[in-house]
Amino acid sequence: MSDKLVINITKNESELTEFLLQGQIDEDSTFEEITSSLKKKIIIDFNEVTLINSCGVREWINFLENVKDSTIIYKNCPQVVIEQINMVHGFILPNTSIESFYAPYYSEKSDDVIKVLLLSDQIIDGKAPRIEQDDEELEFDAIEAQYFQFLKQKG
Amino acid sequence: MKLFLSQKTNELYPTLKERLEKNFQVVASRIDASILIEEINSFSKEEPINETIIISNKSDLDNILFLNSVNINHLIGASPCLEIELERVIRKIQNNNLFGIEKYLNEDAFIHSTEIIHSKDTPEEIDKLLSKFNYEDVFSSPKDNLRIVLNELIMNAFFHQTHLIDKNRKNSVFVSSEESVSVKLAMDSSTIAILVKDNIGSINKENVLSSIKRGFVERRPRVEGPGAGLGLMMVFENINQLHINNKKDQFCEFVGIIDISKRYKNFKERITSFHYFEEE
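In order, the protein sequence lines correspond to chains C and Y.
All residue numbers for the first sequence refer to numbering that gives the first Met the number 0, where the first residue is 0 and numbers rise by one.
All residue numbers for the second sequence refer to numbering that gives the first Met the number 0, where the first residue is 0 and numbers rise by one.
Among these hints, one or two may not hold up.
Unchecked claim - Listed below are several chain Y residues computed to face chain C (Cβ distance under 10 Å; list not exhaustive): (1) Asp126; (2) Gly200; (3) Lys204; (4) Glu217; (5) Ala227; (6) Gly230; (7) Met232; (8) Glu268.
Claimed, not checked - Beta-carbon label-pair distances, calculated as ranges: (9) C:Ile113 x Y:Asp126: 32 to 42 Å; (10) Y:Ser68 x C:Gln148: 22 to 32 Å; (11) Y:Asn94 x C:Ile113: 20 to 30 Å; (12) C:Leu116 x Y:Glu17: 27 to 37 Å.
Worth flagging that the hints you see were computed from the coordinates, not collected in a lab.
Everything numeric in this text was worked out from a predicted model, so none of it was measured.
Even for Gly, the Cβ is constructed at its ideal location relative to N, Cα and C.
Construct the entire structure; sequences and hints are all you get.
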């Protein structure tokens with residue numbers, strides 16, 4: 000299996016551990032690396048996650064049950080992760096929040112869609128922030144009410 | 000094959016009749032028609048006709064609830080590709096030529112395929128297949144959407160085997176080469192198409208629609224059971240058209256279509272179509 004989930008610790012401090020997830024979250028994924036080193040604060044970097052399938056969603060939601068006493072912060076969530084969070088409830092619990100995520104923006108100049116890393120704080124009233132690149136204002140390339148739905152989810 | 004377009008359909012889609020008249024016989028009375036083309040808001044359950052094709056501008060959730068409440072095999076989401084999709088579906092009904100991927104594509108299409116016999120090979124086989132195409136004319140990441148759809152459909156094909164006793168998705172499932180799961184990925188200038196074929200043919204429309212509805216309504220994985228009960232909803236949400244072609248007790252094809260566009264927004268705004276065909 001080429002794309003099996005790999006979890007690496009990228010930061011380890013007295014009250015905080017940061018993990019980088021690489022590959023796909025599916026029925027075979029286990030999160031022992033995270034549950035075995037529980038800290039007050041856990042940062043999960045999704046930057047290199049390529050897929051979460053339906054069974055992976057279930058595994059993730061079950062995993063969250065085991066880390067209820069920690070503060071969980073998701074960062075660098077790719078579009079594929081954000082769309083699953085929007086589609087299925089249970090990723091966001093009272094102890095979880097999304098710090099940063101990628102969003103699609105369209106560049107007319109290059110006729111291409113660019114993934115821009117945004118902070119959740121940049122989304123005001125459900126509106127995509129203005130992004131400029133090479134003297135061009137990029138256009139948000141998804142439906143705001145759908146794409147930023149995760150910000151309204153409460154645990 | 001005689002088509003009848005309801006008054007409301009003609010009002011809302013004024014170019015449709017003229018386009019269909021070039022290739023099909025469009026009749027003035029619904030009694031003479033073998034296919035009724037109806038707009039979702041004016042559909043009446045009271046006057047059934049052999050085949051009804053619904054055109055809908057409602058949300059995917061509304062359409063799935065609708066399909067769960069009526070015995071309709073075809074619902075087309077209103078889109079710029081409406082006329083092409085409608086013509087292809089009518090031809091499929093007319094010719095009773097249900098199977099294969101070619102009918103959804105133009106002549107310039109490239110098709111790649113693979114056969115999978117071990118469920119745990121699925122991610123690797125999907126990546127190999129996806130790498131055979133160049134996606135420069137498509138929004139930035141169709142591979143992500145295709146990966147989800149292929150993964151869910153292939154895993155269903157392995158784990159819905161009727162003789163399988165333990166359907167826990169963590170298990171490995173091997174099948175013989177005669178029972179292999181057949182996967183095709185194709186692209187032309189306007190369409191990406193995927194086809195996943197099992198050798199079971201035990202699918203029924205009501206179960207598929209009920210499973211998609213469950214995903215939409217509950218939006219949570221099943222706590223118990225072999226699958227999470229979200230897969231078909233994820234498939235439906237990551238494509239523009241879903242065609243299910245079932246040859247009863249022999250095999251079933253799930254075909255997913257994505258309309259090629261540079262804009263991801265266009266892809267997300269498109270209302271997903273649902274089509275169910277069965278050959279006894």
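Restraint satisfaction for Asp126 of chain Y [CB to CB of chain C, less than 10 Å]: holds (6 Å)
Supplied contact hint for Met232 of chain Y, tested at 10 Å Cβ to chain C: Met232 of chain Y check passes; min Cβ-Cβ to chain C is 7 Å, inside 10 Å.
Glu17 of chain Y and Leu116 of chain C - C-beta distance against the hinted 27 to 37 Å: Because 48 Å falls outside the window, the suggested range is violated.
20 to 30 Å as the expected CB spacing between Ile113 of chain C and Asn94 of chain Y, which holds or is violated: violated (44 Å)
Pairwise beta carbon distance, Ser68 of chain Y to Gln148 of chain C, judged against the given window 22 to 32 Å: holds (26 Å)
Chain C contact restraint on Glu268 of chain Y - CB to CB distance below 10 Å: holds (7 Å)
Agreement of hint Gly200 of chain Y with chain C interface, Cβ distance less than 10 Å: Hint violated; Gly200 of chain Y Cβ to chain C Cβ min 23 Å, cut 10 Å.
Status of the Glu217 of chain Y interface restraint (C-beta, 10 Å, chain C): holds (9 Å)
Restraint satisfaction for Gly230 of chain Y [CB to CB of chain C, less than 10 Å]: holds (4 Å)
Range hint 32 to 42 Å (beta carbons of Ile113 of chain C and Asp126 of chain Y) holds or violated: 23 Å Cβ-Cβ, so the 32 to 42 Å window is violated.
Residue hint Lys204 of chain Y, partner chain C, criterion CB-CB below 10 Å: At about 20 Å, which exceeds the 10 Å cut-off, the nearest Cβ of chain C leaves the hint on Lys204 of chain Y violated.
Satisfaction of the Ala227 of chain Y interface hint, Cβ to chain C closer than 10 Å: holds (4 Å)
Consistency note: the structure conflicts with the earlier hints numbered 2, 3, 9, 11 and 12.
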